[in-house]
Each structure stands twice: as C-alpha cells, then as structure tokens.
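Chains as they are written, first to last, in numbering that gives the first Met the number 0: chain A, 0 to 360; chain B, 0 to 360.
Errors might be hidden in some of the hints.
The calculated DSSO-like cross-link candidates involving lysine-lysine, where the alpha carbons are at most 30 Å apart (straight line), are [claimed, not checked]:
| # | chain 1 | residue 1 | chain 2 | residue 2 |
| --- | --- | --- | --- | --- |
| 1 | B | K346 | A | K109 |
| 2 | A | K29 | B | K346 |
| 3 | B | K157 | A | K309 |
| 4 | A | K226 | B | K102 |
| 5 | B | K157 | B | K289 |
Calculated directly from the structure, the hints in this document are not laboratory data.
The model shown is predicted, which means the values in this text are computed figures rather than measured ones.
Protein chains: 2
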Amino acid sequence: MSRVYNFSAGPAVLPEEVLREAAADTLDYKGCGMSVMEMSHRSKMFDDIIKTAESDIRDLMGIPDNYKVLFLQGGASQQFAAVPMNLMKNKKAGYILTGQWAKKAYQEAKLYGEAVELASSADETFSYIPDCSDLPITDDMDYVYICENNTIYGTKFKTLPNTKGKLLVSDVSSCFLSEPVDVSKYGVIYGGVQKNVGPAGMVISIIREDLITDECLPGTPTMLKWKTQADNDSLYNTPPCWTIYICGLVFKWLKNNGGLKGMQEKNEKKAAILYDFLDNSKLFRGTVRKEDRSLMNVPFVTGDEELDKKFVAESKAAGLENLKGHRTVGGMRASIYNAMPIEGVEKLVNFMADFESKNLK
Amino acid sequence: MSRVYNFSAGPAVLPEEVLREAAADTLDYKGCGMSVMEMSHRSKMFDDIIKTAESDIRDLMGIPDNYKVLFLQGGASQQFAAVPMNLMKNKKAGYILTGQWAKKAYQEAKLYGEAVELASSADETFSYIPDCSDLPITDDMDYVYICENNTIYGTKFKTLPNTKGKLLVSDVSSCFLSEPVDVSKYGVIYGGVQKNVGPAGMVISIIREDLITDECLPGTPTMLKWKTQADNDSLYNTPPCWTIYICGLVFKWLKNNGGLKGMQEKNEKKAAILYDFLDNSKLFRGTVRKEDRSLMNVPFVTGDEELDKKFVAESKAAGLENLKGHRTVGGMRASIYNAMPIEGVEKLVNFMADFESKNLK
Numbered sequence: 000m001s002r003v004y005n006f007s008a009g010p011a012v013l014p015e016e017v018l019r020e021a022a023a024d025t026l027d028y029k030g031c032g033m034s035v036m037e038m039s040h041r042s043k044m045f046d047d048i049i050k051t052a053e054s055d056i057r058d059l060m061g062i063p064d065n066y067k068v069l070f071l072q073g074g075a076s077q078q079f080a081a082v083p084m085n086l087m088k089n090k091k092a093g094y095i096l097t098g099q100w101a102k103k104a105y106q107e108a109k110l111y112g113e114a115v116e117l118a119s120s121a122d123e124t125f126s127y128i129p130d131c132s133d134l135p136i137t138d139d140m141d142y143v144y145i146c147e148n149n150t151i152y153g154t155k156f157k158t159l160p161n162t163k164g165k166l167l168v169s170d171v172s173s174c175f176l177s178e179p180v181d182v183s184k185y186g187v188i189y190g191g192v193q194k195n196v197g198p199a200g201m202v203i204s205i206i207r208e209d210l211i212t213d214e215c216l217p218g219t220p221t222m223l224k225w226k227t228q229a230d231n232d233s234l235y236n237t238p239p240c241w242t243i244y245i246c247g248l249v250f251k252w253l254k255n256n257g258g259l260k261g262m263q264e265k266n267e268k269k270a271a272i273l274y275d276f277l278d279n280s281k282l283f284r285g286t287v288r289k290e291d292r293s294l295m296n297v298p299f300v301t302g303d304e305e306l307d308k309k310f311v312a313e314s315k316a317a318g319l320e321n322l323k324g325h326r327t328v329g330g331m332r333a334s335i336y337n338a339m340p341i342e343g344v345e346k347l348v349n350f351m352a353d354f355e356s357k358n359l360k
Numbered sequence: 000m001s002r003v004y005n006f007s008a009g010p011a012v013l014p015e016e017v018l019r020e021a022a023a024d025t026l027d028y029k030g031c032g033m034s035v036m037e038m039s040h041r042s043k044m045f046d047d048i049i050k051t052a053e054s055d056i057r058d059l060m061g062i063p064d065n066y067k068v069l070f071l072q073g074g075a076s077q078q079f080a081a082v083p084m085n086l087m088k089n090k091k092a093g094y095i096l097t098g099q100w101a102k103k104a105y106q107e108a109k110l111y112g113e114a115v116e117l118a119s120s121a122d123e124t125f126s127y128i129p130d131c132s133d134l135p136i137t138d139d140m141d142y143v144y145i146c147e148n149n150t151i152y153g154t155k156f157k158t159l160p161n162t163k164g165k166l167l168v169s170d171v172s173s174c175f176l177s178e179p180v181d182v183s184k185y186g187v188i189y190g191g192v193q194k195n196v197g198p199a200g201m202v203i204s205i206i207r208e209d210l211i212t213d214e215c216l217p218g219t220p221t222m223l224k225w226k227t228q229a230d231n232d233s234l235y236n237t238p239p240c241w242t243i244y245i246c247g248l249v250f251k252w253l254k255n256n257g258g259l260k261g262m263q264e265k266n267e268k269k270a271a272i273l274y275d276f277l278d279n280s281k282l283f284r285g286t287v288r289k290e291d292r293s294l295m296n297v298p299f300v301t302g303d304e305e306l307d308k309k310f311v312a313e314s315k316a317a318g319l320e321n322l323k324g325h326r327t328v329g330g331m332r333a334s335i336y337n338a339m340p341i342e343g344v345e346k347l348v349n350f351m352a353d354f355e356s357k358n359l360k
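Pulled out of the complex, with its shape left as it was, chain A reads as follows (with noise of 0.2 Å):
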C-alpha cells in the first residue's frame, strides 16, 4: 500500500488513523459481528454511534444548547431549498455573491421568493471578499445568506458581513472544522461534509431552535423540513450510517489533536508555507487577494496554460494529486484539509521550487 498526497477540493483526504481504524472495524465492528454498514439504525450500537457523534461535534465547535444539529442527506446544494422553504416568511433574503456556489444558493432562493444580491465580487472574478459593513439589509429581510469560504477560488471571509440584526445563514462546507468558531453569531451554520469531515453524502446542518417550526412554505417535502429532522434526531428515515460513523471518528481524531484550535494552528503553519512560497516566486502567483486567502484553498497559475498543464501532469507523477484546477476556472488548486499533513505541503512547495527552477525563462 502506499498513499499518495492528495490535494482533492473534495471529496477530500482524510485522516489515515481513521481509515485504518474504519478499515479493521469493516466486517465486525467492536466485536458486534456485523459492519456498520449492516446495522439498524435504530439499534443501541448505532444509537451510540449518533450520540457519541453529536456529542463531539457540539464538544469541539462549542455548540450552545439552544442549537440542534442536524444530520441530512443531499448535500449543501439541497440546503440551498431547504433554507428558503424553512425560513422564508416575508419571502425575501439577501445574498452575497462571492462564487459559485453562493450563486447557486441565490438561484434556488428564487424559486421561492425574492432573493437580493447584497454584494458580489464577480467583477474580479470572485478573488476577492466584498466590503459587507454596510450592505442594503432592509428590515423585511428574513436573513443574510453567506458561502464562508469558497472552494473554488479560494477566499474566504475573515469578518462576518454586518447583518444588521438579521440572521445569518452560512455554508462552510469547505471550511468546516477547520478553525475555532462563534456558533451563537449565526442562525443556521451547515456544510457537506465530503470536503474537510467525511465521506460524501451528508450535510450537517447547525440550527438556531426557534428557527425549526412548522411555518415553512406550502409544498416543502417533509424530508426537507427541518422539524421532521429535528423531532426525530436525524432518525426520521434511515440516515446515512456509515458517513456517521467515520465523520464521528474524525471528529475523535480531532479531539485527540488539539481540537479547532490546534487545526487552525496547523492549517495556519500549512497555508503560510504555500503562500509565502508563491510571494516569493517568479513562475508561480496565487490568484486571491492577500487578506481574503482561504486557509483550505490555495488557487494558483503560472499565467501560461501550457505550462500549467505541464505542471499539473509532472506532480501528478510524483505522488502530488488533484492540483488540477476547477474546470471553471483553470490554474492549479491545492486544497489542503485538516487531514493534509505538512509533510504533504512542504513536499508540494519543494516540487514547485523545483519545477520553477526548470521552466522559468
């Protein structure tokens, strides 16, 4: 067996202590006689391994009481309705557009009622994190809509938009986990987990508890409310299972490393190396501006497509994966996850020297 470095945007590395513990525990988990992946949900096994979940994830970002967590299936692209469907009373909310995904939301809350662009930053090609102390909120606004940080061009937002007193909704799908958070700033708080957490197939939805009633908008498909969820503690139909459980062993594997805090000092030691890395060189440039760098997504070019590819075709030969950029977009992309090691990026950085060493002009 050997492992490569995989920059993936997602679905993204993971931890190898997990995969190994998931991989021994496969056939007969804990000397129960049976997988995971075979159990009733509603048995006490899996029951303990929900709990233990929730436990730990309230443990590690600090969820205040008053906040359910949700375990759904979908993905962030089936909050992007379910966000509308549960909170839009006066049918209206704004949106900060700072890539494609906060894009998407925006569109889907259209279907639904009125959804205004409070900001945007596509006139830089979204490499940049709008001004947003003093956005258009007018009060019949039922919240502020944000994507934290944005996986394909690599920004993020290192202060929340001033919402003015009204609820913010934010997707961090790609920054989930990956820094201390003030979970009681936000009204709802929701990420696929495929990126920087677990296997794909699950969102993990935090919401404020007066915002889970009744009151959604006619027509919501009872798998979409949020109270069908909440009510039945993620057990209304059979829930992901398996994705539970290894996205509750990643959260022990974080526990036992030092929690958020001690990600985002590794996270922050990782993301330095390659920044520092690309100020300093002739052939390589990162795409964002400085003070909106994301920490989990690292964009770059050399500003000439062939060479770009080359590059991405040579680091892929030696061990160096997924540096491929977003087809929207081009470039290279090291999406570096709390599960990447800083061997991994100090072995990106010495590949980049080297190959610019070789091709600068």
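Dock chain B against chain A, hints included.
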C-alpha cells in the same frame, strides 16, 4: 472476528466477500493511493466506478435503453415527494395502501394534489395484498402507486395491479434485486439500497425517459427534479460515492452468483425452509396470507408477548440478531435478504424447533 447471522430489516446483512474487498481497499483503492472515500467524484477512477455500477445493474435487471438509472440521496422517503412533484401533471394519482410506507407516500402526495386511495388492506393489519384486478382508476390519474414488498408486514405483490393503462410507480426497497423483474411494465421503479443492496444513504430510481421533463410542479427543489439528476448522470453535485462503490461490488457479487434468477432460486429455497417450519409449528405461526407472503421479510408470532420477548432474547444470545418485529407491530420478523446464507435460515429454524420443544405447554 466472528460474524453473527443478522436478520435486520435494514440496514441489513451484506455479502461477506463484498465487505472483505472493501476492507482490503479502504486505504488504497486498486493502487491509486487513496480511499474511494477520498476520491474526487469527477476523477477518472470514480467515473469507472459509477459507470460500471450502472452498467452492471442494467445487465442484472435487463433495464431497457429508454430508462434512466439515477443514484439519489434522501431515501425512499424523499422520493415520496419527488414522485408527485415530477409526475403530477393532472394533480391526481391513485395509491394502493398495503402498509406504513405506502401510506406515507400517499400522505406526502396529498401535499401536491389529489391522492386517491384505490385499495387498502388496513382492515386486517396489512396482512394481505388487496385484489387489484379492477380498481377505481380514473382517466385523469397521472399514475398508480404501490409499495411492492412491505417490509413491516411481510407481504408482496405477486401480480402487479391492473393499472388500466396508467403509469405504474413502484417502491421496491425491500425486494430490490431479489428476483427477475420486467422493468418495461413500470414507469418508475425505485428503492432505498439499505435493505437488499448496500449501505444506507442512497436510493436508485429507474425512470422511463419520457417521464423525465422540466414540467415539474412549481417550487420543486432543483435536487428533487429527476431531470437535474438525469442530465448530469447523477453527478449534479457530489453523490454518495462510497455507497455507490459498495453497491457496485454487490452488483458484481450478484452477477457472480447467478444474477437475479440465481437469487430468486436461493431466496425461494430460504423462504420455503422458514415458511414450511411455520406452517407445521405448534408454537409459531406466520402472520401473512399464504399467497401474499414475501420472500424477504417473514413476520411470525407465538401469540404470547412474553414468549416472543423470551425468543428474541435467547435467539440473540445464540448469534441470531435482530429478530424483533417492527416497533409498530411486535412479535418477530426474520429478514432474509440476498446476502443471508441458507445456513443462517437453517440455524434459525433449528433454533426455533429447539425453542418450541422447550416452551410448548
């Protein structure tokens, strides 16, 4: 490692060979240096996995070219909404009520139009399949809906209803891939995979192409539109990659074990062992009308609640797990899906015979 015989109704037993292969490849799938859980869903490797899975289920079921195969999230419960949202052009459909899941689908459909009860077996606790040869189907109905195998009650449609030319929509969650099927008789066949196919977290919907249109009900979430998923070959957003992978391994296992004809023979043999015992027992009896008995889910009782409890406890101690009946029904239930070996059923019947000799007054 010691494996039990797991009679869970779902999530349920998987083939041991499949679990062994998955465990061996958990950290490094076929030498690519990463887990299937870490793989981009847009990668060549995952593309092979999902395309092979689709091609294998097409072979197994003989799915005609004019049907799409969609790998979706949210379980059957989410399809309860997707079915009317995608199909209710006239806002009217007929439902045959043969148990809890058919009832839930019927209630969900009422959110979107007129759902008509065409027949029901509620009068005798859903212990039989009603006569469906001449139902009050009207010309303006968009479809006729059934739950083909009723997991909780242990009944199965042995003959499909006469739909009088109307589209048939069938939830096959608990009899999926258990015997050959003529797909061309259906408009839509769908099933959650967590009973007879793979790990929880996915539903496979097999849909006649002409039924996949943009003409959904207003307010249908993009993720619930079958057209979104069909146009993107189930990759509109990140799919449940691991679940697709395991299902693919199960499809290979089915092909290597005689396909659906081979499964039918094995399943008939297993069911016969158990039903023959029940028919001759002086302590136990099956609860379902003989001609409507499921090959997959076999409910039975002693008629004495205390004795039922004793049976469940003692069978568990003997390595026969999850024989307790559904919480809404009581008694016992043995789910004997494809992956349950004949030896498991033999061991169960031997245990029942022994229990009978010790407890018959």
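Results for each hint:
Taken as a hint, the K346 of chain B and K109 of chain A pair is broken in the structure, with Cα atoms around 58 Å apart against an allowance of 30 Å. Distance restraint check for K29 of chain A and K346 of chain B: the Cα-Cα separation of roughly 24 Å lies within the 30 Å cut-off, and the hinted pair is therefore satisfied. Restraint check for K157 of chain B and K309 of chain A: not satisfied, since their Cα atoms lie roughly 60 Å apart, outside the 30 Å limit. Of the pairs offered as hints, the one joining K226 of chain A and K102 of chain B holds, with about 20 Å between alpha carbons and a cut-off of 30 Å not exceeded.
With a CA separation close to 11 Å, the supplied pair K157 of chain B and K289 of chain B stays within the 30 Å bound.
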